[in-house]
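Line order of the protein sequences matches chains A and B. If you use the numbering used here, the first sequence corresponds to residues 1 to 246, in order. If you use the numbering used here, the second sequence corresponds to residues 247 to 508, in order.
Just so you know, not all the hints are guaranteed correct.
Straight-line Cα separation of at most 16 Å, EDC-like style, residue types lysine to aspartate or glutamate; simulated pairs [unchecked claim]:
#1 A:Lys187 with A:Glu26
#2 A:Lys105 with B:Glu286
#3 B:Lys292 with A:Asp92
#4 A:Lys25 with A:Glu222
#5 A:Lys135 with A:Asp92
#6 A:Lys200 with A:Asp179
#7 A:Lys225 with A:Glu204
#8 A:Lys18 with A:Glu219
#9 A:Lys105 with B:Glu289
Selected chain A positions facing chain B (Cβ under 10 Å, derived; list incomplete) [what the hints assert, rightly or not]:
#10 Phe81
#11 Gly82
#12 Tyr83
#13 Phe85
#14 Ser93
#15 Gly103
#16 Lys105
#17 Leu107
#18 Arg151
#19 Ala154
#20 Leu161
#21 Asp163
Covered stretches of chain A (chain B as the covering partner; in silico rule of three or more C-beta atoms under 8 Å from a C-beta of chain B) [said to hold, decoys possible]:
#22 45-51
#23 70-79
Because the hints were derived from the structure by calculation, they are not lab data. All C-beta atoms, glycine included, are put in the ideal place defined by N, C-alpha and C.
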Amino acid sequence: MIEIKGLGKAFGERCILKDISVDIKEGELFSVIGPSGTGKSTFIKCIIRLLRPDAGSIMVDGQEIATTGSEFQLAKVRRKFGYLFQEGALFDSLTVMENVAFGLKYLTDLPKSDYPRIVKEKLALVGLEDVEHLKPSELSVGMKKRVSLARSIAAEPKYILYDEPTTGLDPVTTGMVKDLITDMRAKLGVTSVVVTHDLKLALEISSRVAMLYEGAFVEVGEPAKFRQSENKEVREFMEISDLSRK
Amino acid sequence: MKYCLTEKIGGGVMSLAQALGQTTLMFRSVVFWFFRSRLEVSETVKQCVKIGVDSVTVTALTSFFTGMVLSLQTGYSSRNLFNEPLYIGTMVAFSMVKELGPVLTSVVVAGRAGAVVTAEIGTMRVTDQIDALYTLGTNPTRHLLVPRYIAFMITLPLLTVLADFLGIAGGAIVGVVKLGIPTSVFMNDIYTYLEISDFMHGFLKTFFFAFMIATVSCHKGMHTKGGAEGVGKATTEAVVASMVLVMVLDYFISALLVAVGI
Chain A
1 MIEIKGLGKA
11 FGERCILKDI
21 SVDIKEGELF
31 SVIGPSGTGK
41 STFIKCIIRL
51 LRPDAGSIMV
61 DGQEIATTGS
71 EFQLAKVRRK
81 FGYLFQEGAL
91 FDSLTVMENV
101 AFGLKYLTDL
111 PKSDYPRIVK
121 EKLALVGLED
131 VEHLKPSELS
141 VGMKKRVSLA
151 RSIAAEPKYI
161 LYDEPTTGLD
171 PVTTGMVKDL
181 ITDMRAKLGV
191 TSVVVTHDLK
201 LALEISSRVA
211 MLYEGAFVEV
221 GEPAKFRQSE
231 NKEVREFMEI
241 SDLSRK
Chain B
247 MKYCLTEKIG
257 GGVMSLAQAL
267 GQTTLMFRSV
277 VFWFFRSRLE
287 VSETVKQCVK
297 IGVDSVTVTA
307 LTSFFTGMVL
317 SLQTGYSSRN
327 LFNEPLYIGT
337 MVAFSMVKEL
347 GPVLTSVVVA
357 GRAGAVVTAE
367 IGTMRVTDQI
377 DALYTLGTNP
387 TRHLLVPRYI
397 AFMITLPLLT
407 VLADFLGIAG
417 GAIVGVVKLG
427 IPTSVFMNDI
437 YTYLEISDFM
447 HGFLKTFFFA
457 FMIATVSCHK
467 GMHTKGGAEG
477 VGKATTEAVV
487 ASMVLVMVLD
497 YFISALLVAV
507 GI
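Okay, chain A solo, but in the shape it has when bound (with noise of 0.2 Å):
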């Protein structure tokens, strides 16, 4: 379980994240959804120390990463964590089989073996064959962040954080990943966190909606309450979602 507690990230004079509190429970799908530029990434990207908290509590599985200064427990806790990145984040100079076996190396005791099957495995489960041996280069912007996807899903973590997940996607594509989703949550129990601006894809999918709004939450609920709901700024961002789907 993740436990935020008055969460706060500031840039500079800058104030992204106010004040931010929820719980994310076990097997929960939690979308946060706002439009761009209003924080999302920062807010993921704390709940795994990638940016450190200027002010509040994150809570994961009972262990306090919000200030800890050791190394050691934070890498702890990041193994729990899968995260697939708005632009993918492959490392350039390694092949696909490497990328998504990198992960296995330092998260798993697996012997080394194992990492060509798995890799296969998990490259299969987001519609990818006979890649391992491209690399990031030659991939198209779908395939990098499928490559992406199942780097981040291959050492099978407990939470996972998805960033953006669809954005650049063709609509195919964006099927496959949204069930993709939804799978890993139903079969393995995985915790998921999705931060999108694509308001269809999170009520879809999700077991609970967030709205992210100057830097703190206007709304939190499930999808039929979220739609329900009556805060201007959650009407006025579904309105337009909605137009731009016309």
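Here the structure of chain A is known, so what remains is to put chain B in place on it, guided by the hints.
Only chain B this time, still in chain A's reference frame:
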């Protein structure tokens, strides 16, 4: 106007203080991971090849021709002054092993390998690959910086030994072929006057240069901002800073070594 000047000086001092603080923290982290984790052997070997082996050709050519021109210039100057080229072997060997070998090699490595290291790490920084390392169970210092520090510390001294040897060889060829000095005389001039401490003077300096180039290149890479433009800027800054610092450090380390009798 006064305010702008004060602001600029203050900003410069603040940036320098910030860079020194960041460098100190980075070095502390390098030491921590060097002693607390298993060495990434394959990555270290890969970096030794990138930084050292790939710099062999350019180092060899630079030092060989430097030795040749050194021999030519001192030979003709000596001939003008004394009517014959005297102590050319001694001059070339002293210059190469004490100064030109270490300094030229360091400048070449800073320009070639230092730029590669900054550009590589900088690109990883602006494309979230550094953050990805954290999420995949390792630490960027352990995976990227420690192997590069070790590679610089191993390969730069070795490249310097090669540069010393080739510089003297180049000088010997010009001395024998162009200036007509017998090989035995050229070599005798070296054996008679050159001592092991002279070689050590230059050799020891390269460890300081290697450490400095590694620190500047890694620091600039790790703090790159602003996409492709930022990577280009960081790389240029790293090369310029490394080259200038090699020259500055050369004087102070030489003075220190002379003071302790090396």
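Verification of the hints:
1. Proximity of Lys187 (chain A) to Glu26 (chain A) is assessed by CA-CA distance (about 14 Å); at most 16 Å being required, the pair is judged to hold.
2. Distance hint between Lys105 (chain A) and Glu286 (chain B) is fulfilled; the C-alpha atoms sit about 12 Å from each other, no more than 16 Å.
3. For the suggested pair Lys292 (chain B) and Asp92 (chain A), the alpha carbons sit about 15 Å apart, so the restraint of at most 16 Å is met.
4. Distance hint between Lys25 (chain A) and Glu222 (chain A) is fulfilled; the C-alpha atoms sit about 13 Å from each other, no more than 16 Å.
5. Note on Lys135 (chain A) and Asp92 (chain A): the hinted pairing holds, with a Cα-Cα distance of about 7 Å set against a maximum of 16 Å.
6. The hinted pair formed by Lys200 (chain A) and Asp179 (chain A) meets the criterion: a straight-line CA distance of about 14 Å does not exceed 16 Å.
7. Between the alpha carbons of Lys225 (chain A) and Glu204 (chain A) the distance comes to roughly 13 Å, so the proposed pair stays at or under 16 Å and holds.
8. Annotation: proposed proximity of Lys18 (chain A) to Glu219 (chain A) holds, straight-line Cα distance about 14 Å (limit 16 Å).
9. Restraint check: the Cα-Cα separation between Lys105 (chain A) and Glu289 (chain B) comes to about 14 Å, which is no more than 16 Å; the hinted pair holds.
10. Interface restraint check: Phe81 (chain A) against chain B, minimum CB-CB distance 6 Å, threshold 10 Å, status holds.
11. Against a cut-off of 10 Å between C-beta atoms, the interface hint on Gly82 (chain A) holds, since the closest Cβ of chain B lies about 7 Å away.
12. This hint holds: Tyr83 (chain A) has a C-beta 4 Å from the nearest C-beta of chain B, less than the 10 Å allowed.
13. Contact between Phe85 (chain A) and chain B, as hinted, is supported at the beta carbon level, the nearest pair being about 5 Å apart and thus within 10 Å.
14. Look at Ser93 (chain A): its Cβ gets to within about 8 Å of chain B, closer than 10 Å, so that hint holds up.
15. The closest approach between the C-beta of Gly103 (chain A) and any C-beta of chain B is roughly 4 Å, which is under the 10 Å cut-off, so the hint is satisfied.
16. Checking Lys105 (chain A) against chain B by beta carbon gives a least distance of about 8 Å; that is within 10 Å, so the hint holds.
17. For Leu107 (chain A), the interface hint holds, since its Cβ comes within 10 Å of a Cβ in chain B; the closest pair sits about 4 Å apart.
18. With its C-beta approaching chain B no nearer than about 7 Å, Arg151 (chain A) sits inside the 10 Å limit, and its interface hint holds.
19. At about 9 Å, the closest approach between the beta carbon of Ala154 (chain A) and any beta carbon in chain B falls short of 10 Å, and the interface hint on this residue holds.
20. Using the Cβ-Cβ criterion of 10 Å, the hint placing Leu161 (chain A) at the interface with chain B is satisfied: the shortest such distance is roughly 8 Å.
21. Against a cut-off of 10 Å between C-beta atoms, the interface hint on Asp163 (chain A) holds, since the closest Cβ of chain B lies about 9 Å away.
22. Look at the region 45-51 of chain A against chain B: 3 of its residues bring a Cβ nearer than 8 Å to a Cβ of that chain, three or more, so the hint holds.
23. Given a C-beta distance limit of less than 8 Å, the hint that chain B covers the region 70-79 of chain A holds, as 4 residues qualify and 3 suffice.
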